Amino acid sequence: MADSTYPIPGAVEAPSRRWSQAAVLEWLNSWVTTVDHKKLGILYIVYAIFFLLVGGAEAIAIRIQLIQPNMHFLSPQVFNRIFTMHGTTMVFLFGMTYIFGFANYLIPLMIGARDMAFPRLNALSFWLTFFGGILLYYSFIGGGGLYGAGNAPDVMWWAYAPLTERAFSPGHAPDYWALSLIVTGFGTIGASINVISTAFCMRCKGMTLMRLPLLVWVMTVASGLALITITPLTAAQVMLLIDRYLGGHFFDTQAGGSAMIWAHFFWIFGHPEVYVLVLPAFAIANEVIPVFSRKAMFGYPAVVASSVAIAFVSLGVWAHHMFTIGMTSVGNAFFVLSTELVGIPTAIKIFNWLATMWGGKIRFATPMLFCTAFVIQFLLAGLTGIILSIAPWNWQLHNSYFVIAHFHYILVGAIAFCIFGGIYYWYPKVTGRMLSEKLGKWHFWLFVIGFHITFDVMHIPGILGMPRSIYTYEADRGWGTLNMIVSIGGIIQAIAVLIFAWNLISSYFKGKIAGNDPWDAWTLEWSTPSPPPVYNFATDPVVTSRRPLWDLKHPDDPDWHYE
Amino acid sequence: MLEKSVQYVLFRAKSWWLLFAFLICGAAFAEGPQATPSIFAPSSTPADEIYHLSLFVLTITGAIFVTVGGLLAFVVFRFRQRGEDDTTEPAQIYGSTQVELAWTVIPVLIVVVLFLTTARMIFAIQDAPKPKAALDVTVVGHQFWWEFNYPNLGIHAVNELHVPLSNQQSPTPTFLKLLSADVIHSFWVPQLAGKTDLLPNNVNELWVDPLHPGMYVGQCAQFCGVQHAKMLLRVYVDTPDQFAAWVKNQQQPAVADDSVAVGRHVFETQACMNCHTIKGTAATGRFGPDLTHLMSRDTLASGAMANTKENLREWIRHPDTFKEGALMPAMQLNDQQLDQITAYLATLR
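Chains L and Y, in that order, give the protein sequences. Following our numbering, the numbering of the first sequence begins with 1 at its first residue and continues without gaps. Following our numbering, the numbering of the second sequence begins with 564 at its first residue and continues without gaps.
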């Protein structure tokens, strides 16, 4: 009996159908509806890189405007919008998402699990973050319309009240700022809960907390910190919206509200946020440096403890952003001390990386190049951080270009460098192909040179009295040459990032086939095929030490002897 | 050939660094006011104390950088892999309690030293007693200009602050009370003192004790809206004689010159007086700057341009040409009215 309604196996799908409309929709559908941690991780990373490029383009616009005194490349209003969007994009849309990209992709693979603890919450978190980003950028065409640069927020990324109140910011710009960040904030909360739950509940047999890969540990600490700090930010944003729409007076100083309370709320979020962003960068360095030095991480318990200590202390240092706001001398002294305390665990971390490299056989492949540059740049960032914690000196340097140089040392010199290193390191696992080492070296050297030209030099205009967030400056101030050098450095970095983007795309199609374990590494993800199958592990792994693959490769001298 | 070009590049790089070194040293050793307001060229007691503290901190952080950076450089060059085919693994070291204790204790000690030094200076500057001879000034920040009130002298000045020169034997510092009329601003004249914010509903304090006469530049250091960049600031440190003369002039009412009565009439009938005060006339507005002694100032619109008759006319005709986003509206005056009003304002010394 011939039944034509049932397809005959093998006869239906012709190869030419692969690029038909239906196939494309199906491919899209598989990404939109996915709850697989690896696909969501990739989505997060792609999203983060996209906004890195957008925020980078904004940075270039800022640098062109400041390349010489009295430029007219951007109008004052547009300049203010661009730098607000640059900061907001880089912190919230790039910084907060790369974390969950790495965490989502790697944590289940590293702890021998099949997925995150809550796969559907995971998908929801990503899409909340995604639409939060869309909402923020919709401000360019929504609200005030398409004219000029639309109605994007122009209140700085910390949106100090009362500038954000209706009296001083009519229209909808601060609403876009607050609403979009509330939405991405919900995404962050969901993702953080997922990371913490996964790390604590989904570990395979034998993986005790003190055998967790350092990346998992540090990502978990960062997620816990994100969970704690997103809450006051969201609360403050809701209060701001109540002020703007329901006649509340929390921050409305003309009705007796307080400008200082907004600053406290914001920095209670905003300072630990720096560590939310930088801890995952440490996490990446903690994986890359030992593998390329061919040594076990020196002082594993100290690394874990210092990460927890950083997270803990960072909750008590927020007012060092407010040394100029008029606190009492005792208040200022307290925050000097708490801020300087952060220097102790960070020093421990730097020494641990140094000791890990000490006596090793360091292979300078691209991931290691990025992570080595990170160590020295992070050291410098920490030292300028100490300088800024000296409250009297901070009264001079606060809101000057010195501060911008300092935090770009953290955000670019530490975080972006580690992200690049991490992407070069795990790209073969994700795609099955290696990134081009040749392009990688070009990327690294151009980026490191551009970075130092830009941000080393940027300290100087700060010392010479140049404040931040000004769209232009007078010709007689002596800041012109320095700004031109800074701008040229910025353009070199932009070229490097474009090379990187090209490397990501071209290596996807033409890169060298990677194999399971191209770097001869030790954590569990390298025991799976590249890319890993949907179910990750064919059989549930059992581990006996911090470096399961080391044990397999060196059965004569396994790690667990020493733990 | 290659060697030559490498040498050339090195030479160029060196000359850049020499330029930077020159900039910083030049700033550091110069005394008195400068066009580039370097924090390393202090001219007033608090700025000077901060400068010396910063040299101390720079020494410590510099030493840490040289030590740790040198260690890293050593590790990178000494322990890099030699020979691609060498696949043996180096000795595995998992940690060392003594070493880790050492590098925990040393940072603790450094933190203690830094904290004690810093705390001492915080108290010395913030809680400094106010001498009897001190001058009081109330600073009010506006979008995007500065108001200076001298409560004991009955003076309202705008954008250009005059303070008397002090000396170490009998200091006559100026104590500033800082307020804001709208959003948060920040008062920063790098050569005289660190910055302090001006907040609505809060009063902050700042003091300067200037040691060299002259004009010091500064500007608002907290983003305060569209024209934050041009909320510039000038402080004139006057010798006692100059200061007394300035005070005397500022205490006079506006000059009444009948030859410009038409211009004065335009001022009083074209809404200018709703925002501006000219003492001794019907104009008593408080929203914009006091214009009683307009021509005694070197700049217009908070330092956005030199105070010349042409600039003044252009500024009134179309404020956006100099300061886009300034809150003064273009008043749609015709050419004749513009000439009349400019002629009137030009008499306000």
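Since the hints were derived computationally from the structure, they do not count as laboratory data. Please read all numbers here as calculations on a predicted model, not as lab measurements. Keep in mind that the hints are not guaranteed to be accurate.
[Said to hold, decoys possible] Just so you have them, the derived chain L footprint on chain Y, three or more residues with Cβ under 8 Å:
{"no.": "1", "stretch": "610-616"}
{"no.": "2", "stretch": "657-665"}
{"no.": "3", "stretch": "675-689"}
{"no.": "4", "stretch": "771-785"}
{"no.": "5", "stretch": "805-817"}
[Claimed, not checked] List of simulated lysine to any residue pairs, SDA-like, C-alpha gap at most 20 Å:
{"no.": "6", "chain 1": "L", "residue 1": "361", "chain 2": "Y", "residue 2": "636"}
{"no.": "7", "chain 1": "Y", "residue 1": "693", "chain 2": "L", "residue 2": "527"}
{"no.": "8", "chain 1": "L", "residue 1": "361", "chain 2": "Y", "residue 2": "644"}
{"no.": "9", "chain 1": "Y", "residue 1": "740", "chain 2": "L", "residue 2": "326"}
{"no.": "10", "chain 1": "L", "residue 1": "553", "chain 2": "Y", "residue 2": "648"}
{"no.": "11", "chain 1": "Y", "residue 1": "693", "chain 2": "L", "residue 2": "553"}
{"no.": "12", "chain 1": "L", "residue 1": "361", "chain 2": "Y", "residue 2": "635"}
{"no.": "13", "chain 1": "L", "residue 1": "361", "chain 2": "Y", "residue 2": "651"}
{"no.": "14", "chain 1": "Y", "residue 1": "740", "chain 2": "L", "residue 2": "258"}
{"no.": "15", "chain 1": "L", "residue 1": "361", "chain 2": "Y", "residue 2": "684"}
{"no.": "16", "chain 1": "L", "residue 1": "361", "chain 2": "Y", "residue 2": "694"}
{"no.": "17", "chain 1": "L", "residue 1": "361", "chain 2": "Y", "residue 2": "646"}
{"no.": "18", "chain 1": "L", "residue 1": "39", "chain 2": "L", "residue 2": "531"}
{"no.": "19", "chain 1": "L", "residue 1": "553", "chain 2": "Y", "residue 2": "656"}
{"no.": "20", "chain 1": "L", "residue 1": "438", "chain 2": "Y", "residue 2": "807"}
All C-beta atoms, glycine included, are put in the ideal place defined by N, C-alpha and C.
Evaluated hints:
Judged by the Cβ-Cβ criterion of 8 Å, the stretch 610-616 of chain Y is covered by chain L as claimed, because 4 of its residues qualify and three suffice. Counting residues of the stretch 657-665 of chain Y whose C-beta sits closer than 8 Å to any C-beta of chain L gives 5, which meets the bar of three, so the coverage hint holds. For the stretch 675-689 of chain Y, the stated coverage by chain L is satisfied: 9 residues place a CB nearer than 8 Å to a CB of that chain, which reaches the threshold of 3. Counting residues of the stretch 771-785 of chain Y whose CB lies closer than 8 Å to any CB of chain L gives 6, which reaches the minimum of 3, so the coverage claim holds.
Only when three residues or more bring their CB closer than 8 Å to a CB of chain L does the claim for the stretch 805-817 of chain Y stand; here the count is 0, and the claim is violated. At roughly 15 Å between alpha-carbon atoms, residue 361 of chain L and residue 636 of chain Y fall within 20 Å of each other, so this suggested pair holds. Pair hint residue 693 of chain Y plus residue 527 of chain L does not hold up; C-alpha atoms about 71 Å apart against a cutoff of 20 Å. For the given pair, residue 361 of chain L sits about 4 Å from residue 644 of chain Y by alpha-carbon distance, which is consistent with the 20 Å threshold.
Taken as a hint, the residue 740 of chain Y and residue 326 of chain L pair is honoured in the structure, with Cα atoms around 11 Å apart against an allowance of 20 Å. Among the hinted pairs, residue 553 of chain L with residue 648 of chain Y is consistent with the structure: their alpha-carbon atoms are about 18 Å apart, no more than 20 Å. Note on residue 693 of chain Y and residue 553 of chain L: the hinted pairing is violated, with a Cα-Cα distance of about 74 Å set against a maximum of 20 Å. Under the criterion of a C-alpha separation no larger than 20 Å, the hint pairing residue 361 of chain L with residue 635 of chain Y is consistent with the structure, at around 14 Å.
For the proposed pair residue 361 of chain L and residue 651 of chain Y, the alpha carbon gap of about 9 Å is at most 20 Å, so the pair holds. For the given pair, residue 740 of chain Y sits about 19 Å from residue 258 of chain L by alpha-carbon distance, which is consistent with the 20 Å threshold. The suggested pairing of residue 361 of chain L with residue 684 of chain Y is violated, with an alpha-carbon distance near 48 Å, which exceeds 20 Å. For a cut-off of 20 Å, the pair hint linking residue 361 of chain L to residue 694 of chain Y is broken: about 66 Å separates their Cα positions.
This hinted pair checks out: residue 361 of chain L and residue 646 of chain Y have alpha carbons roughly 10 Å apart, not beyond 20 Å. A threshold of 20 Å between alpha carbons decides the hint, and for residue 39 of chain L with residue 531 of chain L the separation of about 11 Å falls inside it, so the pair holds. For the given pair, residue 553 of chain L sits about 17 Å from residue 656 of chain Y by alpha-carbon distance, which is consistent with the 20 Å threshold. At most 20 Å may separate the alpha-carbon atoms for a hinted pair to count; residue 438 of chain L and residue 807 of chain Y exceed this at roughly 72 Å.
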